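To convert a position in the sequence shown, counted from 1, into the working numbering, add 3.
By construction, these hints were calculated from the structure, which means they are not laboratory data.
This structure is a prediction, so every number in the text was calculated from the model and none was measured.
A couple of the hints might just be wrong.
Said to hold, decoys possible - Simulated restraints, written as ranges between beta carbons of each label pair:
1. 73 with 19: 17 to 23 Å
2. 51 with 71: 25 to 31 Å
3. 74 with 46: 28 to 34 Å
4. 5 with 83: 29 to 35 Å
5. 49 with 14: 29 to 35 Å
6. 19 with 77: 17 to 23 Å
7. 70 with 50: 27 to 33 Å
Claimed, not checked - Okay, derived cross-link-like pairs now, DSBU-like style, lysine-lysine, Cα gap no bigger than 35 Å in a straight line:
8. 74 with 86
9. 86 with 62
10. 55 with 74
11. 86 with 75
12. 86 with 55
13. 55 with 75
14. 62 with 74
15. 62 with 75
We put the CB at the ideal spot given by N, CA and C, even for glycine.
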Amino acid sequence: MAHTCHATECEVEVSPQMWGCRRHWFMVPQAIRNQIWHTYRDGQCDDWNPSKPYCLAAKAAVEAVALREGKKPDTRVYDMFLKGENYE
Numbered sequence: 004m005a006h007t008c009h010a011t012e013c014e015v016e017v018s019p020q021m022w023g024c025r026r027h028w029f030m031v032p033q034a035i036r037n038q039i040w041h042t043y044r045d046g047q048c049d050d051w052n053p054s055k056p057y058c059l060a061a062k063a064a065v066e067a068v069a070l071r072e073g074k075k076p077d078t079r080v081y082d083m084f085l086k087g088e089n090y091e
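Please work from the sequences and hints to get the whole structure.
This is how it looks when you write it as structure tokens:
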């Protein structure tokens, strides 16, 4: 399955273990990058079952990068997970 960078409007393909491409990853504040690594679970992109803490950190990363790029953040995928029945 193809996996692209999670930054808004980025189409760069990255491995499933990575949140985003190198350029966008290093635009994410270090504290948020640390949260992403701390909460990432191997296989979560395959089973579509990321944890709430991961989704919150990854969503914050999307928002941080979009702010730096002057874009409206596209957080739909994380909003979908965060509104799911597993997290309510």
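Hint check results:
1. One distance hint, 17 to 23 Å for the beta-carbon pair residue 73 and residue 19, is violated here, with the actual separation near 28 Å.
2. Taking the beta carbon of each, residue 51 and residue 71 are about 28 Å apart, inside 25 to 31 Å as hinted.
3. Checking the proposed 28 to 34 Å range against residue 74 and residue 46 shows it holds: the Cβ atoms sit about 30 Å from each other.
4. Residue 5 and residue 83 have their C-beta atoms about 19 Å apart, which leaves the hinted 29 to 35 Å range violated.
5. At roughly 21 Å, the beta carbons of residue 49 and residue 14 sit outside the given window of 29 to 35 Å.
6. For residue 19 paired with residue 77, a C-beta distance near 19 Å keeps the hint of 17 to 23 Å intact.
7. For residue 70 and residue 50, the hinted distance range of 27 to 33 Å is satisfied, since their beta carbons lie about 31 Å from each other.
8. In summary, the hint linking residue 74 to residue 86 is supported, as the alpha carbons are separated by about 23 Å, within the 35 Å threshold.
9. With a C-alpha separation of about 13 Å, the suggested pairing of residue 86 with residue 62 holds against the 35 Å cut-off.
10. Taking the CA atoms of residue 55 and residue 74, the gap is near 24 Å; set against the 35 Å cutoff, the hint holds.
11. Using a Cα cut-off of 35 Å, the hinted pair residue 86 and residue 75 holds, with the two alpha carbons roughly 20 Å apart.
12. The suggested pairing of residue 86 with residue 55 holds, with an alpha-carbon distance near 10 Å, which does not exceed 35 Å.
13. Note on residue 55 and residue 75: the hinted pairing holds, with a Cα-Cα distance of about 22 Å set against a maximum of 35 Å.
14. A hinted pair counts as satisfied when its Cα atoms are at most 35 Å apart, and residue 62 with residue 74 qualifies at roughly 14 Å.
15. At roughly 13 Å between alpha-carbon atoms, residue 62 and residue 75 fall within 35 Å of each other, so this suggested pair holds.
The structure fails to meet hints 1, 4, 5 from the earlier list, while all remaining hints are met.
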